[in-house]
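So the chains spell out like this:
Number of protein chains: 2
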Amino acid sequence: MKAIKVFAPATVANVSCGYDVLGFAVNAPGDEVIMQLNDSGKVTLESITGDDGRLPRDPARNTVSAVVINYLQALGVEQGISIELHKKMPFGSGLGSSAASAVAGLIGINELMGAPLSREQLLPFAMEGERLACGNAHADNVAPALIGGLVLIRSYNPLDVVKLPVPASLACALVYPHVEIQTKEARQILKTHIPLHDAVTQWGNVAGLVAGFCMNDLGLISRSMQDVVIEPVRAMLIPYFYELKEIALHQQALGFGISGSGPSVFALCTGLQTAQRVVDAISARLSEAGIQSTTFVSEINQNGPLITSMQPALD
Amino acid sequence: MKAIKVFAPATVANVSCGYDVLGFAVNAPGDEVIMQLNDSGKVTLESITGDDGRLPRDPARNTVSAVVINYLQALGVEQGISIELHKKMPFGSGLGSSAASAVAGLIGINELMGAPLSREQLLPFAMEGERLACGNAHADNVAPALIGGLVLIRSYNPLDVVKLPVPASLACALVYPHVEIQTKEARQILKTHIPLHDAVTQWGNVAGLVAGFCMNDLGLISRSMQDVVIEPVRAMLIPYFYELKEIALHQQALGFGISGSGPSVFALCTGLQTAQRVVDAISARLSEAGIQSTTFVSEINQNGPLITSMQPALD
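The listed protein sequences correspond, in order, to chains S and P. All residue numbers for the first sequence refer to the working numbering, where the first residue is 32 and numbers rise by one. All residue numbers for the second sequence refer to the working numbering, where the first residue is 32 and numbers rise by one.
Bear in mind the hints are in silico, worked out from the structure with no lab data behind them. One should not assume that every hint holds.
Claimed, not checked - Here's a subset of chain P near chain S, in silico, CB distances under 8 Å, partners left out:
id: 1; residue: S186
id: 2; residue: D191
id: 3; residue: L195
id: 4; residue: L221
id: 5; residue: K222
id: 6; residue: I225
id: 7; residue: P226
id: 8; residue: A238
id: 9; residue: A242
To be verified - With a straight-line cut-off of 25 Å between C-alpha atoms, the simulated DMTMM-like cross-links for lysine to aspartate or glutamate are:
id: 10; chain 1: P; residue 1: K194; chain 2: S; residue 2: D248
id: 11; chain 1: S; residue 1: K222; chain 2: P; residue 2: D229
id: 12; chain 1: S; residue 1: K73; chain 2: S; residue 2: E109
id: 13; chain 1: S; residue 1: K36; chain 2: S; residue 2: E109
id: 14; chain 1: P; residue 1: K36; chain 2: P; residue 2: E115
id: 15; chain 1: S; residue 1: K119; chain 2: S; residue 2: D82
id: 16; chain 1: P; residue 1: K36; chain 2: P; residue 2: E330
id: 17; chain 1: S; residue 1: K194; chain 2: P; residue 2: D248
id: 18; chain 1: S; residue 1: K194; chain 2: P; residue 2: E211
id: 19; chain 1: P; residue 1: K33; chain 2: P; residue 2: D83
id: 20; chain 1: S; residue 1: K73; chain 2: S; residue 2: E159
id: 21; chain 1: P; residue 1: K194; chain 2: S; residue 2: D229
id: 22; chain 1: P; residue 1: K222; chain 2: S; residue 2: D82
id: 23; chain 1: S; residue 1: K194; chain 2: S; residue 2: E142
id: 24; chain 1: S; residue 1: K33; chain 2: S; residue 2: D70
We put the CB at the ideal spot given by N, CA and C, even for glycine.
Let's have the full structure, built from the sequences with the hints guiding it.
In structure tokens form, the structure reads like this:
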């Protein structure tokens, strides 16, 4: 029977000043999903690796299978599918783990069905996966995971998603400190009202960041990566945050911030070598403090998920 | 003695969602300043036309002469200058009248002195002119008046001004309804705190607007011209605001909003013909309600002020 192997990328949501409206994809890490059609008429989760047994095994409750079930229901198709999920990235880490699973599952099933839907049409299904995983159908991870690059979620009502140009020289440094933060809690500590003055500062920086990406102006990107609204609140959840920021900027990172709702942190850099220096310096500092971390260095992912194998039957 | 004639353009600050961070210049209307060097050692205001006698005649208090005095002091030069100011635009109207006067004066004196300062270096002097005129050294009128185009004031501290690309097909419709609003009052009615949810909506739109300009995407510009923070408060100061907006959009304007703090309103349009239809329809509606208005239609000004004449002595 027809089978497919798909890689979907991790993503950095918010991107410093762009809380809830910006996100970008990286080339590593990410999730891998292997799916195979069968005659069972049911969606089954054959195996999950890399999650230490922590993700739900019930197909209706695991993101990767749940989005496939929704997709097939929407198409009015009864189709047997077996799914293997290989988590090749940490989850609960602020790196868009559930988004990567949802996107890999959706790209897989859509290809297996003959690609009746465009990537844009898959977005609402992926957002429903986010609702299942974290209670909120946000798009700032799933959209970049699905279409790649830096993505602006201009509006949710109606949904308006814009892919922005990304300077080719940009690289991303990611560090996941092994401490746990619940996304829901990270949202709950935010204030419901903010000073207009801070809001203006923030949208000036968001405007600068977007202009920097569009105009290939790395200096402007660097100057704009300042978050006066969310970071000051969430930074307290991340050990040594401001010291890590100083270390990253000292290593010539263009900017440094919290990835999604943390605890992972990211830096945008010119080139992979700088990004490597940044993650080395940060993980060394964390290690000094007795905190283990996982690091990743990659270019910005420009194209979204990758179909790494598609065959009548996978070996 | 050496003399110069300078035109400086009117400007639309805020540009819908970009409160305090965006502004653009138009080709009309604007102010004209004629300046002539002399041996008096003093800056004098020879004449002002087009203001119905309402602007201060004291050179230290009128924006155009005050910025020239500051400029000469900063350069440590004692120079006699006579100034004629021809207001060719309404003031107190939200069209950046004081900015146009300040910029025309500064470009004039700088050229007469042999252009020792760049336009960027003139910006702080123009901002001081704004402080004199309206109590606040804001830059969202003077910056576009000085360098043209659509300008982002990313930050005031330090000052960071970015000129953004403007689609060549864009035209601007301006309508000044003859009602009066004080800028200070228009600022005072704003709330000091806003819901985080609205702030996110706003910076999504600001990001979309900037991306639309940078990527020459008129549809995105149109969808992004939504202000959920300032417009709902200030619209009440402008008669029939929402009806005028509906009229503008019905005439195919891309978007419609308040120019600066009003009462002028503006629309961005594809082409001058559409802009003309918009101003005609709006002024007709105002006229029906017994409100006179002045209308302007122009392209976006790409280059800022214009030196229209420079001679050893003007005729």
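How the hints compare with the structure:
The interface hint given for P:S186 holds, since its Cβ lies 6 Å from the closest Cβ of chain S, which is under the 8 Å cut-off. Hint on P:D191 holds. Least Cβ distance to chain S is approximately 6 Å, under the 8 Å limit. With a cut of 8 Å, the hint placing P:L195 at the interface with chain S holds, because the nearest CB-to-CB distance is about 6 Å. Nearest Cβ of chain S to the Cβ of P:L221: about 6 Å, under the 8 Å cut. The hint holds.
Because the closest C-beta pair between P:K222 and chain S is about 6 Å apart, less than 8 Å, the hint holds. Taking 8 Å as the C-beta contact cut-off toward chain S, the hint placing P:I225 at the interface holds, the least distance being around 5 Å. Taking 8 Å as the C-beta contact cut-off toward chain S, the hint placing P:P226 at the interface holds, the least distance being around 6 Å. Of the supplied interface hints, the one on P:A238 holds, with its beta-carbon coming within about 5 Å of a beta-carbon of chain S, less than 8 Å.
For P:A242, the shortest C-beta to C-beta distance to chain S is roughly 5 Å, which falls under 8 Å, so the interface hint holds. With a C-alpha separation of about 12 Å, the suggested pair P:K194 and S:D248 falls inside the 25 Å cut-off, and the hint holds. A C-alpha spacing of about 13 Å is found between S:K222 and P:D229, which places the hinted pair at or below 25 Å, so the restraint holds. For the suggested pair S:K73 and S:E109, the alpha carbons sit about 7 Å apart, so the restraint of at most 25 Å is met.
Restraint check: the Cα-Cα separation between S:K36 and S:E109 comes to about 21 Å, which is no more than 25 Å; the hinted pair holds. A distance of roughly 9 Å separates the Cα atoms of P:K36 and P:E115; the hinted pair therefore holds under the 25 Å criterion. Between S:K119 and S:D82 the alpha-carbon distance is near 9 Å, which keeps this suggested pair within the 25 Å criterion. For the suggested pair P:K36 and P:E330, the alpha carbons sit about 22 Å apart, so the restraint of at most 25 Å is met.
Between the alpha carbons of S:K194 and P:D248 the distance comes to roughly 12 Å, so the proposed pair stays at or under 25 Å and holds. For the given pair, S:K194 sits about 42 Å from P:E211 by alpha-carbon distance, which is inconsistent with the 25 Å threshold. For the hint linking P:K33 to P:D83, the alpha-carbon distance of about 29 Å lies beyond 25 Å, and the restraint is violated. Under the criterion of a C-alpha separation no larger than 25 Å, the hint pairing S:K73 with S:E159 is consistent with the structure, at around 20 Å.
At roughly 23 Å between alpha-carbon atoms, P:K194 and S:D229 fall within 25 Å of each other, so this suggested pair holds. Between the alpha carbons of P:K222 and S:D82 the distance comes to roughly 48 Å, so the proposed pair goes past 25 Å and is violated. Taking the CA atoms of S:K194 and S:E142, the gap is near 22 Å; set against the 25 Å cutoff, the hint holds. This hinted pair checks out: S:K33 and S:D70 have alpha carbons roughly 11 Å apart, not beyond 25 Å.
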